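2 protein chains.
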Amino acid sequence: MKTTALIMAGGRGERFWPRSRMSLPKQFLSLTDDGRTMIQLTIDRISSIVDLEDVYIATNTSYKELVAEQLPGIPEENILCEPVGRNTAPCIALAAVHIAHKYEDAIMLVLPSDHLVHSVETFTQTLQDAVSVASTGSNLVTLGIPPAYAETGYGYIHYRQQSPLGKAYAVAQFVEKPNRETAEKYLAAGDYLWNSGMFIWKVSSILENMHTHMPELYNGIQVIREAIGTPRENAVLTETFPNLPSESIDYGIMEKASDIYIIPGNFGWDDVGSWLAMERIRQTDDNDNVIAGNVLPVNSKHCILESSGKLIAAVGLKDLIVIDTEDAILICDKEHSEDIKKVLAELRATKQDKYI
Amino acid sequence: MKTTALIMAGGRGERFWPRSRMSLPKQFLSLTDDGRTMIQLTIDRISSIVDLEDVYIATNTSYKELVAEQLPGIPEENILCEPVGRNTAPCIALAAVHIAHKYEDAIMLVLPSDHLVHSVETFTQTLQDAVSVASTGSNLVTLGIPPAYAETGYGYIHYRQQSPLGKAYAVAQFVEKPNRETAEKYLAAGDYLWNSGMFIWKVSSILENMHTHMPELYNGIQVIREAIGTPRENAVLTETFPNLPSESIDYGIMEKASDIYIIPGNFGWDDVGSWLAMERIRQTDDNDNVIAGNVLPVNSKHCILESSGKLIAAVGLKDLIVIDTEDAILICDKEHSEDIKKVLAELRATKQDKYI
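Heads up: the protein sequence lines correspond to chains A and B, in order. Heads up, the first sequence stops at 356 in the working numbering, and the numbers go up one at a time, no gaps. Heads up, the second sequence stops at 356 in the working numbering, and the numbers go up one at a time, no gaps.
So here's chain A without its partners, still in its complex pose (with noise of 0.2 Å):
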């Protein structure tokens, strides 16, 4: 059976502002020391397991030329893009329609596109034993990572450590984000692993289990579905898409259905979720800071320093975050990093739309 890749990625990464923005977000930036994008990287990690012109890439109509010009070998009929962001569980429906429209059934590898992996060859390992647990019946299958300390900013899957099929073992519960109490039980429990968001099922499987679990899904999907590679396609996508539930597959699906399998991944994943990322996946100078750019540190540690042109002189600075761009610089305590969503309402609350 086909193995097809669908890559999620309509986010919008207001974390990374103010080199994310409305109209360059995070999984078209470049954050790693090799110069490559999140979704160029994301593309790379799968090519040995996926054919390009069998990669998905679900995204929203105002990033349709971004993805053309990063991943140029891309089909443009694989560029699918949502009218309106309906959350992960529509978007998974589309692109398994799409795939059921070219291929009967397939395989199909749900991965977001601005996440990073540390050992490209452990991972499609993992991918790849996970292909073999979703070949069976209507297994449905998820990346786990193994906690490495007590994260309440992520989901968390429980599972049975008995009788594992292949390298999956079944899961037991999909839990929310824990506060920090539950989380430190959760990482001494042993077998609660962190919700990547990655998926590998069937094709058929995923729309069998809409076509249970979201019904409502499921028939709107199929409206779309008849039209694809009609001239009716876009009309019936712009008129349907926007009415079907916004849901997570998390929550439609993944949590009531049965056959659901994790295999936890030892492949060294980060989610680079904020600026502070950047000290984990790049270089560092002898004080510890990340620097890229023309930036002049005098006395200053642990400080992630970005230039886009100008000098930076950084002097007698701990623990900041220093980004220029070409008309914003943000300048943040590395403790109040969560505030630059604070500045992204101020600036939408005053209108100043172009810096967002």
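Calculated directly from the structure, the hints in this document are not laboratory data. No false leads were mixed into what you were given.
You can't tell identical chains apart in this list, so a pair holds if it fits in one copy or across any two.
Here are the simulated SDA-like pairs of lysine to any residue, each with C-alpha atoms no more than 25 Å apart in a straight line:
(1) Lys354 with Val298
(2) Lys64 with Tyr103
(3) Lys342 with Asp327
(4) Lys177 with Pro112
(5) Lys318 with Arg15
(6) Lys341 with Asp285
(7) Lys301 with Ala345
(8) Lys342 with Asn299
(9) Lys342 with Asp319
(10) Lys318 with Asp339
(11) Lys351 with Asn287
(12) Lys334 with Glu184
(13) Lys351 with Ser62
(14) Lys167 with Leu116
(15) Lys185 with Pro146
(16) Lys342 with Ser308
(17) Lys351 with Asn294
(18) Lys341 with Val298
(19) Lys102 with Gly73
(20) Lys318 with Glu335
(21) Lys351 with Gly309
(22) Lys318 with Ala277
(23) Lys167 with Pro146
(24) Lys354 with Ser337
Owing to the predicted nature of the structure, the values given are computational and were not obtained by experimental measurement.
With chain A's structure known, arrange chain B on it following the hints.
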């Protein structure tokens, strides 16, 4: 007797980098809320007691155009360009012979071009008091500032509290920048004032004293004096000035002469010695931030934030100086403001002259 003034405007003001540059030092910057530059404010301040045609500006050739631009009322021949900087004694000697060339004798106010004064009325009254004292005999008068705290960055002047001459007191001793302990002692003693670098005397008095205490300077300056108004003026200046002894007026004259008087100046003086002065001389917001230009502060306090156009989002900052200019951005912890010199040293060492 005519009252004339010499404004000394040859300084580089490195501590205001990156706004001050070799090509635009501090005296030519507007650092206050009123939009006037430091040198313009200096001239404004004495306009009630000195005619513009009697104001002399000592600077160097590269700033001649800046002076002419910022002070259009000053006659071109009053802009005295030192071929090289030789400290304050030769600078004052040069102005003295120019004034002597115009008016046989005159009162001469000697003022820095980059200090601020809070009460112009009290300042001009103090200058007039000083003029009275300087008009008698060959008295040399200086203005001293009652110390507000035990500053270690200024020189001090010890004076005799008994038998004042008008508002002036006889100077007992000029003392160099003290250490902390000594500064505390001076502060407690009550008969020490900060050395403000402002002087008032007759041209004849200062030349007489140079004749006595700095004969080499006196003889050299006579050569220059004789050439004033002749076709050889510039050639003689260029040839002779660099050979004059490089000495401060404090060390060369004030520490050696008799008839030295000091008047305590209660006009609210500020030498605007570094970016830290901004909090004293500029308006602050509710969080004690000094803000100029396109700045969006979020949970930031006690900061100095200046944009030259780009949006600066300042998130969770405390006690930082952020100065954005066309080609360079300084981000500096307040406690490290002295390290700005290290930035300039590094720029020199790496031949990045365009930023200096």
